[in-house]
Amino acid sequence: MTEIIKLKNVAKHYYMGDDVVKALDGVDISIEKGSFVAIMGPSGSGKSTGMNLIGSLDLPTSGEIYLDEHDISHLTESELAQIRGKKIGFIFQSFNLIPNLTAKENIMLPMLFQGLEKNERESRAEELLGLVDLKDRINHYPNQLSGGQQQRVAIARALANDPEVILADEPTGNLDTKTGENVLQFLENLNKKGKTIVMVTHDSKLAEKHAQKIYWLKDGKIEKVTRKEKEKWKTVK
Amino acid sequence: MITDYFILALKNLRKRKLRAWLTMLGIFISIATIFVLISLSLGLQNAVEEQFRQFGTDKIFIQPRGQIAGPGTGGAVELTKNDVEVVEKVIGVKDITWWIIATGEIEFKDEKRFFNIIGFPLDQSDVFIETGFYKADEGEVLDEEDFGKVMIGSQYKYNNVFKRPIKERDIISVNGKNFVVEGILESLGNPADDRLVYMSEEEFREITEIEDRIDTIIAQVEPGEDINEVADRIKRKLLKSRDLTEKTRDFSILTPEEVLETFRIVLNIITAFLLGVAGISLLVGGIGIVNTMYTSVLERTKEIGIMKAVGARNSDIFLIFLIESGLLGLVGGVIGVILGFGISKGIEFIAINQLGTTLLQAAFPFYLVAGSLLFAFVIGALSGALPALQASKLNPVDALRYE
Chain Z
1 MTEIIKLKNV AKHYYMGDDV VKALDGVDIS IEKGSFVAIM GPSGSGKSTG
51 MNLIGSLDLP TSGEIYLDEH DISHLTESEL AQIRGKKIGF IFQSFNLIPN
101 LTAKENIMLP MLFQGLEKNE RESRAEELLG LVDLKDRINH YPNQLSGGQQ
151 QRVAIARALA NDPEVILADE PTGNLDTKTG ENVLQFLENL NKKGKTIVMV
201 THDSKLAEKH AQKIYWLKDG KIEKVTRKEK EKWKTVK
Chain U
1 MITDYFILAL KNLRKRKLRA WLTMLGIFIS IATIFVLISL SLGLQNAVEE
51 QFRQFGTDKI FIQPRGQIAG PGTGGAVELT KNDVEVVEKV IGVKDITWWI
101 IATGEIEFKD EKRFFNIIGF PLDQSDVFIE TGFYKADEGE VLDEEDFGKV
151 MIGSQYKYNN VFKRPIKERD IISVNGKNFV VEGILESLGN PADDRLVYMS
201 EEEFREITEI EDRIDTIIAQ VEPGEDINEV ADRIKRKLLK SRDLTEKTRD
251 FSILTPEEVL ETFRIVLNII TAFLLGVAGI SLLVGGIGIV NTMYTSVLER
301 TKEIGIMKAV GARNSDIFLI FLIESGLLGL VGGVIGVILG FGISKGIEFI
351 AINQLGTTLL QAAFPFYLVA GSLLFAFVIG ALSGALPALQ ASKLNPVDAL
401 RYE
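In order, the protein sequences belong to chains Z and U.
Residue numbering for the first sequence follows my numbering, starting at 1 and increasing by one per position.
Residue numbering for the second sequence follows my numbering, starting at 1 and increasing by one per position.
These are computed hints drawn from the structure, not numbers from a lab.
You may find that some hints are simply not true.
Stated by the list, open to error - Here are the in silico distance ranges between beta carbons for each label pair:
no.: 1; chain 1: Z; residue 1: Ser-78; chain 2: U; residue 2: Val-266; range: 20 to 26 Å
no.: 2; chain 1: Z; residue 1: Glu-64; chain 2: U; residue 2: Arg-14; range: 22 to 28 Å
no.: 3; chain 1: U; residue 1: Gly-342; chain 2: Z; residue 2: Gln-114; range: 42 to 48 Å
no.: 4; chain 1: U; residue 1: Gly-346; chain 2: Z; residue 2: Glu-117; range: 31 to 37 Å
Claimed, not checked - Derived DSS-like pairs: lysine-lysine, alpha-carbon spacing no greater than 27 Å straight-line:
no.: 5; chain 1: U; residue 1: Lys-157; chain 2: Z; residue 2: Lys-86
no.: 6; chain 1: Z; residue 1: Lys-22; chain 2: U; residue 2: Lys-393
no.: 7; chain 1: Z; residue 1: Lys-205; chain 2: Z; residue 2: Lys-228
This one's a predicted model, so the numbers in the text were calculated from it and none came from an experiment.
Ideal Cβ positions, reconstructed from N, Cα and C, are used throughout, including at glycine.
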């Protein structure tokens, strides 16, 4: 299987005065095309930093990151923005919809930054709202939507530019169990249709239920990697 | 894409209505001030130039130097009939007239007032009438044989000079001598000018006891002659006859173009000064925009992070914020222009109806309106440039974490 994202001996250090905080310290992660991968770890394990690097929101202190076999560790911020806008869709714990834009406008935003024509953006946004079953909420503002509905709008937004990877950061953290389960079911369906899903979570049960491969992070290093084979989890590293 | 940013910016501004209005207040007050100043200054310039055009461009005015506040206020130097004879003989001078001005006691139906009276040679009345562009509103202007008659300014028609309005053929007394009102003139635009009383030079000298003095000599230039050359010739002849040199010259020679130029310079200085003052208020308005935009960037840090996460480049973020602040300026400018238009028209209305002058007319050329709007937008955008730059440079990770 080809790798869509690959982190090679990646480190991310933060400098706070004279202290160096090693958020990530020599990490190798490879995410295969079409897989459902979870990044697991308690708070402070470096999983958020990992997500930022996987999502090309940030650049590593050292090491290399490949997105679709291109080294992106030395790109400028604007180049990164264009690439992640096209290849990666984000889903956040707190939904992160823009409050003064309607559901439809929120979904149109990523396409705007890719320079799509307005009518194209509109028809695609409406189509996506249908996909997440929110056709009747097209012109609602985020504060007029329930948490579950907001997260579905966020998923639709993540799909706007038809990215290869969906990056979900604690996607169920702000939702009740049932709604959360629906969201994850939706992600699984997307995965079945060929999308690569990367989920960052601290909930091992959730990770083991939905993912096919889990990176267990601790103190900025990979503790172990497990893989689901015939409904059984095996440690591969 | 840019249109989408405009829509985005409008949505953002609408969400914070009160703040947007308060920010724009500073802009539209200063834009309105600037608009009013320029429109009235242009209007004044147009009106004065129109008056000068009426004088005609073929007239040369000769006045003694050292007059304190215009003709008739006196000074050591006087022009006399001798000077008239000198000027008359200069090559290129087609015709000549002159006037004397003094204060007179005007009596009408037992009421007395003091106003300026003017005497001019009746046999040269054609030139005089043409020079001043006088037109009779009622009756007729003074003609060659009209001794014992006067023509009067338009203000006498209304009852704001005397209790009762003066009509054609009424009799008024000037310094104790009775005159028949031959004509009432059309308004010249300036209230003081519209209260003048005109009569023959002979009768003027008789009732004022001014013997030789002449306040202004007006020479009309032959068609085809260069007015500046003729003015120069007159100057040289007068210097010779008055036994003076350029350094001791005690009279001035003005062509309408020169007078107009002087007026323009003075008006421009005054306008520039007032614009400077208004500019300071615009600066303060701009600082208001800077402040609002910085607050906005801070408040929307997370939003900026989200936009970057979904693919916004630095330049996109910069443009979004720049357009937003530019819109603050532009909308402020639109309101300012509308406000300024109203104020200018109001001043014009008061000037015409209360002060009786038609000089203070507002002018609204297209470039003033367009320029004001563009200027307001640029001020807004400039003020927003730094905050927008700051917003565009936010690190997406930090911005997303911001609560």
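Violated constraints from the hint list, given by number and in increasing order: Of the numbered hints, 1, 2, 4, 5 do not hold.
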